[in-house]
Amino acid sequence: MSLTFYTNPMSRGRIVRWMLEEVGAPYETVVLDYATTMKAEPYLSINPMGKVPAIVHDGDVITEGAAICTYLAEAFPEAGLAPMPNERAAYYRWMFYAAGPAEQAVTNRSMGFAPTADQQRMAGYGNLDFVVDTLEKAVSAHSYLAGERFTAVDVYAGSQVAWGVQFGSLPKRAAFEAYLGRILARPAYKRAGAIDDALIAAAASA
1 MSLTFYTNPM SRGRIVRWML EEVGAPYETV VLDYATTMKA EPYLSINPMG KVPAIVHDGD
61 VITEGAAICT YLAEAFPEAG LAPMPNERAA YYRWMFYAAG PAEQAVTNRS MGFAPTADQQ
121 RMAGYGNLDF VVDTLEKAVS AHSYLAGERF TAVDVYAGSQ VAWGVQFGSL PKRAAFEAYL
181 GRILARPAYK RAGAIDDALI AAAASA
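In the UniProt record's numbering, the protein residues as written are 1 to 206.
Don't read these hints as lab results, they were simulated from the structure.
Nothing false has been slipped in among the hints.
List time: in silico PhoX-like cross-link candidates among lysine-lysine, alpha-carbon distance up to 25 Å:
hint, residue 1, residue 2
1, Lys190, Lys172
2, Lys172, Lys137
3, Lys51, Lys39
Required output: the full structure, derived from the provided sequences and hints.
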């Protein structure tokens with residue numbers, strides 16, 4: 001078995017790092033530079049988009065953060081991060097919601113674009129206010145997004161909530177803060193952050 005993780009510590013790769021630490025399987029890390037190695041071979045043969053994160057597991061390539069988190073939960077069932085039958089509906093709903101409407105709405109707002117009333121009918125997310133209110137309801141319904149148990153959707157969607165609150169793209173609502181208090185206290189989250197922070201520090205001092 002081989003598992004290789006391609007990332008940059010200042011990227012969405014931090015989400016996958018957290019997921020890998022939750023899974024607990026051994027993996028190799030390849031750190032890529034935005035301007036050089038991420039945009040050249042051999043990495044472009046792995047992800048022609050020239051983006052991170054990506055993993056290669058026993059020769060199979062998986063890109064896109066939500067897909068990687070979902071895949072790892074299924075590939076390593078012993079970690080207990082895949083949904084139980086009664087959790088599947090909420091699990092897949094919020095995984096795809098975070099990767100689709102939430103990601104799109106936050107990115108558009110950060111780039112200065114807000115859809116008009118007419119455009120909101122075409123945009124899958126409507127507007128950012130709808131997205132924020134929906135996320136608030138999601139994290140308030142149960143202890144975790146799929147129910148009363150931490151799963152991979154809390155890694156992916158939870159990371160988006162955490163970054164949004166930290167950098168101001170989401171408001172600091174009490175429901176978000178309570179949810180983040182539960183998921184960010186996990187040892188795997190802290191280990192992952194320490195690894196990536198050390199990589200950033202090492203690059204800065206080089």
